[in-house]
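Given the structure of chain A, go ahead and fit chains B and C with the ligands onto it with the hints provided.
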Amino acid sequence: MKKKIGVYVCHCGGNISDHVDIEKVKAAVRDEADVYLVKNTLFACADSSQKEIGSDIENEHLDAIVVASCSPKLHLNTFRGVAQRAGLNPYNYVQVNIREQSSWAHSDNKTGATEKAILLVKAGIAKAKESEALQSLKIPAANVVAVIGAGVGGMKTAIGLADMGTEVYLIEKDFFVGGRTPQWGTVSPNGDEGAILTEKLYKEVVRRPNITLFTGAELVEKSGSIGNFDLKIALRPRFVSGNPSTEAMQRAAEACPVAVKDDFNFGLTNRRAFMLPAQGQFPQVPAIDQSACTRCGECTAACHEVDLTQEVQTITLHVGAFVVNTGFDPYQPAQGEYGYGELDNVITLPQFRRLMEMNESELVFNGKKIKKIAYIYCVGSRQDDDEGNTYCSRYCCTATSLTAVLAKKKFGNIINFHFNRGIRTYGKHELVYEAASKQGDIFLQFSLKSIPQIEKRGNKTYVKVKDILTAGKELETEADLIVLVTGMVPRKNELLAQQLKIPTGRDHFFNEIHMKLRPVETVIDGVLIAGTCQSPKNILETVNSSMAAAAKINSVLTKGELSLEPTLAKVNPAACDWCDNCSKACPFDAILQTEINGKKVARVNESNCKGCGMCTPVCPTDAIDLAGYTNAQVESMIDALAEA
Amino acid sequence: MEIQQETCINESLYDVLVIGAGIAGEESALKLADMGYRVLLVEKEPSIGGKMILLSKVFPTLDCAACITTPKVSETARHPNITILTLTEVEEIVRDTKNRFSVTLKKKPRYVVEKDCTGCQECEKACPAIVNDQFQFNLTARKAVYIPFTIANPRVALIDIDNCLLCGACEKACPSNCIDFTQKEEQLKITAKSVIVSTGFKLFDPIQIERYGFGRYKNVITSMQMERQLAPTRPFNNILRPSDGKVPDKIAYVFCAGSRDHTVGNPICSQVCCMYSTKQAQLLMGALPMADVSLYYINIRAFGKGFDEFYEQAKDMGAKYVKGKIASITEKENGNLILRYEDIATGKVTEKEHDLVVLSVGILANPGITRVFKKERLETDALNYIRQTDLLQSPAITSIEGVFAAGTATAPMDIPDTIMSAGAAATETSSYLARLS
Amino acid sequence: MPKILVFSTEKISDPAIDLAGLLKKHYPYTVYTISVPCSSCIKPRWIMHAYEKGFDGVFIAADGSDCSYGESCSDRTAEVVATTHRLMKEKGLKPSQLKMAAICSVCAEPFVKHITSFMKDLSQKEN
Ligand SMILES: Cc1cc2nc3c(=O)[nH]c(=O)nc-3n(C[C@H](O)[C@H](O)[C@H](O)COP(=O)(O)OP(=O)(O)OC[C@H]3O[C@@H](n4cnc5c(N)ncnc54)[C@H](O)[C@@H]3O)c2cc1C
Ligand SMILES: Cc1cc2nc3c(=O)[nH]c(=O)nc-3n(C[C@H](O)[C@H](O)[C@H](O)COP(=O)(O)OP(=O)(O)OC[C@H]3O[C@@H](n4cnc5c(N)ncnc54)[C@H](O)[C@@H]3O)c2cc1C
Ligand code: SF4
Ligand code: SF4
Ligand code: SF4
Ligand code: SF4
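If you read the sequences in order, they're chains A, B and C.
Residue numbering for the first sequence follows numbering that gives the first Met the number 0, beginning at 0 and increasing consecutively.
Residue numbering for the second sequence follows numbering that gives the first Met the number 0, beginning at 0 and increasing consecutively.
Residue numbering for the third sequence follows numbering that gives the first Met the number 0, beginning at 0 and increasing consecutively.
Excised from the complex, chain A in its bound form:
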């Protein structure tokens, strides 16, 4: 039992004191047994307040402290640190949340909020009284990271980690690395070529001995926790071994009789089941698409490296953490959305970019020369709540302005009409928009309430809109090609999400733990997210987030050990009769049988225990408890809260 407790009640500038009467709270708890001092602070988290709490602990020899302030999610570690530095065990610190759960939740009722705050603080004091000093455990951690996905993001994560001394397994599902970037040709903001960028990155990846690249690879099983994860990776067969010559590759592809839609060109062209790498995809080694291949064997004659006997291999790896870089998919318009799939001259922006790459000097689609292009923005983005994606896809206003500039530059006689919902070329991208305006592009703006109408009359296509920029005037233009500016959606990745248990947001992208200050971490320790799987981003932003994830996880693993939370299960051997209930309940195999003085009892394997407490309610003799959540602690808190 603690006998000298210090209690600090924070105003949080006014966030708390505007709705909770701090003086009343102080007065109500001042006379609680074992409370030695009660103080208020303007900002408990400010350095000066921290110093004050620290010197109180030292000078007054406090044996426990309670800070009533904001949510422990913000400052639990801050004040545990204060305690520790002042020589008090951090687990003798209790944080009481009177902001999110009192002053803000009940800002409509000052008396109620104050009354609740008083009882919450009393419960905190009760918990502190029963608190015990706990020592955290150190475990060895592997300075090895599995990077999932090898687009620009994943490759940058891998290179960054490798250069800082972390060993990397780079795991790419596709047979080629590079992700989406090589599909676009010239990219903003500096006019680099996407394919050249991925080529440079691939060369950097293979040059580093501490990066192992797996292609055609997928995570199928995971166990363990931060510092020590065990994984199973399934490697799909490539059916090609070694490095065939370019001619052999070409011959084999020509020999292959099976044609399927080419994803790289978003279905504008066909490819063979015998797949050749595109420019910017690596390694430049072919692969056979198992789902399309009929095993006819035609390619084997043309290319000796083909080996149709290969099978799926499963390998196991041991890593300390994951960085997930699984990227995005372009939004797929619904059948009939702006005529998509129904009119033969409606395509998406990604398709149009491929079309531009495939056309040399003349822009031709379906045999027809293209002069007038209508871009319809925000397709699959900024929709109504009940309709679909409410978010803005960030990249597309800039990408479309750039596309229009590139199209005019490459094919000359082009007229671009931009049907947009307010151009969002933020930051330096403004210059791309300016360039498009300067070359004479026409910008028309619509709202969600009155979207552009597409009509085919004869063999001509017309786009009609109520243009906001000209006071809602109805305007119509003819267009040879309609380009739907499709947004970004996360790639479908059920297996991965299920294995790693990363939460997703309402937008279906992976969710970070704190949007402002911890944008690459998730609630799962040791699982980080970077690039476009977290939210839409351009290449620069993808690279920044990937390198930030590298910095974060390297700083955690670089010491080769981690300290664990000491809130673990604890068995009271005197009460335990080894019924096996707890070991069956534990999802982490953390309970073993042991013998004490000839009696069979349960024992907790501390490095496996995660502190979930699932084992505690199932014990018939109440012999197992979770540190920090003992009966005495929880019940004395209930007693305090029940006070009338």
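Check the hints yourself; a few may be wrong.
[What the hints assert, rightly or not] Selected chain C positions facing chain A (Cβ under 10 Å, derived; list incomplete):
hint, residue
1, Glu9
2, Leu22
3, Glu70
4, Met87
5, Glu89
[Stated by the list, open to error] Within a straight-line C-alpha distance of at most 25 Å, the following computed SDA-like cross-link-like pairs (lysine to any residue) qualify:
hint, chain 1, residue 1, chain 2, residue 2
6, A, Lys72, C, Leu22
7, A, Lys465, B, Glu341
8, C, Lys24, B, Thr117
9, B, Lys314, A, Thr469
[Unchecked claim] Covered by chain A, according to a simulated footprint, are these stretches of chain B (three or more residues, beta-carbon under 8 Å):
hint, segment
10, 57–68
11, 267–273
12, 412–419
In case anyone wonders, no lab produced these hints; they're calculated from the structure.
We put the beta carbon where it would ideally sit given N, CA and C, even for glycine.
Just chains B and C with the ligands now, with coordinates in the frame of chain A:
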């Protein structure tokens, strides 16, 4: 004691010198310090935290900025591998050997013994000299001896010697005897293996746009001044307009003030002002439920995670977004302001009266630091931001080997983008240091 | 007004309750929260203790399928509720005085809805 500390600094060799202790500098410093590198963090202001610590809440989460940034600030201040020098500027950086920079620092006197000051503010009470408070963006006044703001770190007084009357009142008032008028500017020399430039951004000064009347009309203020009025460490306990202390009820926002405007030499978009104005509008509608908030915009750049939803939420709450460029602002006798603009929705030139106008001022580059690099040139881009020489592959790399850039020193950006850019700079720096050894 | 004790979980449902506060989504102030690592660690005796001390209702803001400790959480929590229901019957308490719902980490709105309707049920029963 004092001298010992000084020689210790003089002789020091640091792995990294981080210039500027805003959120970018803090994040880079923390990541590198966690990896085990020794970091010297230099800040020209008396307290660390940059602009973020002065903000009200942050879009789009509406977290209180002070509450989420103070843990970062204290973590930085306490980290055993980080040394912080406030009131310090870099004078010169020269490469002395192949992989070392020799750095000259100028530490301005505080006139208060930092380690002895308890922050009791007795000196402030005693001081008779009153001047504008730059940390409240001149909304209120402070004394010549002062603590920058409540949550300043370090929370230690300093004397603004230019405005000090040298009356000695503070010296008598200070219970811990820490006022020291004999302090002198110090020159420090250190060596660093690498440098991170995280000197942040400057705010556009709207006095340049005469037709907005800023500086002439009292009730035309900047968004940063509004941030301060809405912050938990706010100067007043309410939103007041400057001319007569009245609570405003018809507030106007003028977007793109000093951005997307060739006439002021800043053609680009500032990336954050649409969203911070939207945030302020929501906070104002919460604080003043009867107030009418109109926002005059060109385009709304609500592009990031959760932004468009946040913008829609503001509209649902009653914020009036008006598409139209402000042609001029004129003042009425009662201090109210007439905004003249072309209303795009109707195509007509329209006038509207407001009792407070907030200019959503833009972000500008802060390239002053480039001058301290001697022998080698730290290049800037056409917009004066630090040039990122390998933009898409290694965004933190600059024109000088071993010198990296983080945060808004490279482009306008919000807090999460700044954090990520700072993380990237940490990875780049750590990789560079690993290559050296 | 009836008094409700809420058991929330540190990583999942407690953040949602925080979020409700942050968004100033008001709910009755006689709702008190104790947060634990996982809803499957709540002991029936704690719940019984709460009734004994005068709480009218207990609400378990469960992790549901979001639990970071694994899938067995839901079943285990359901077992806790079943055992408690048995104990409640012995003491003559109505099963409706114990409620459980999965509250995800951003479920601020659902939390407030659950709690206000629970509060309403409890006060109707009292009259
Ligand atoms: C039409 C268009 C034009 C664009 N133009 C530009 C531009 O001009 N400038 C610019 O900066 N940006 C541009 N972008 C954005 C740019 O494409 C993205 O920022 C970039 O591709 C994101 O990289 P990433 O690594 O996050 O994702 P991706 O490129 O999508 O790569 C993700 C990788 O992860 C792999 N993967 C997915 N799931 C798994 C799994 N379960 N296991 C293993 N591997 C997996 C994928 O196969 C892929 O290789 C454009 C985007 C589009 C749609
Ligand atoms: C009115 C307003 C509201 C905003 N609201 C939000 C919001 O709600 N959400 C959001 O995400 N973002 C917001 N922002 C943007 C946010 O402020 C920036 O993203 C962030 O502050 C950038 O951090 P930084 O460290 O790069 O720069 P800064 O904050 O500018 O920090 C730079 C630091 O370097 C120091 N320094 C400069 N030169 C030198 C030198 N030569 N020597 C030593 N030190 C030097 C400065 O004193 C400063 O401390 C807002 C911006 C404004 C203007
Ligand atoms: S970036 Fe532009 S096109 Fe893309 S969703 Fe946002 S507003 Fe629409
Ligand atoms: S607390 Fe959880 S992990 Fe630990 S022994 Fe009990 S059931 Fe297993
Ligand atoms: S200088 Fe002296 S009087 Fe002023 S705040 Fe510091 S300790 Fe107090
Ligand atoms: S963010 Fe908005 S207000 Fe700021 S410059 Fe860009 S468009 Fe203008």
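Hints and how they fare:
The beta carbon of Glu9 (chain C) comes within 8 Å of a beta carbon in chain A, closer than 10 Å, and the hint placing it at the interface holds. Below 10 Å, beta-carbon pairs count as interface contacts, and Leu22 (chain C) has one with chain A at about 8 Å; its hint therefore holds. Because the closest C-beta pair between Glu70 (chain C) and chain A is about 8 Å apart, less than 10 Å, the hint holds. For Met87 (chain C), the shortest C-beta to C-beta distance to chain A is roughly 15 Å, which exceeds 10 Å, and the interface hint is violated.
The criterion of a C-beta within 10 Å of any C-beta in chain A is not met by Glu89 (chain C), whose closest approach is roughly 16 Å, and the hint is violated. For the suggested pair Lys72 (chain A) and Leu22 (chain C), the alpha carbons sit about 16 Å apart, so the restraint of at most 25 Å is met. Distance restraint check for Lys465 (chain A) and Glu341 (chain B): the Cα-Cα separation of roughly 19 Å lies within the 25 Å cut-off, and the hinted pair is therefore satisfied. The straight-line distance between the Cα atoms of Lys24 (chain C) and Thr117 (chain B) is roughly 40 Å, outside the 25 Å bound, and the hint therefore fails.
With a CA separation close to 22 Å, the supplied pair Lys314 (chain B) and Thr469 (chain A) stays within the 25 Å bound. Chain A is given as covering the segment 57–68 of chain B, and this holds because 9 residues of the stretch bring a CB closer than 8 Å to a CB of that chain, at least three being needed. Counting residues of the segment 267–273 of chain B whose CB lies closer than 8 Å to any CB of chain A gives 4, so the stated coverage by that chain holds, three being the minimum. Here's how the segment 412–419 of chain B fares: 6 of its residues keep a CB closer than 8 Å to some CB of chain A, so the rule of at least three is met and the hint holds.
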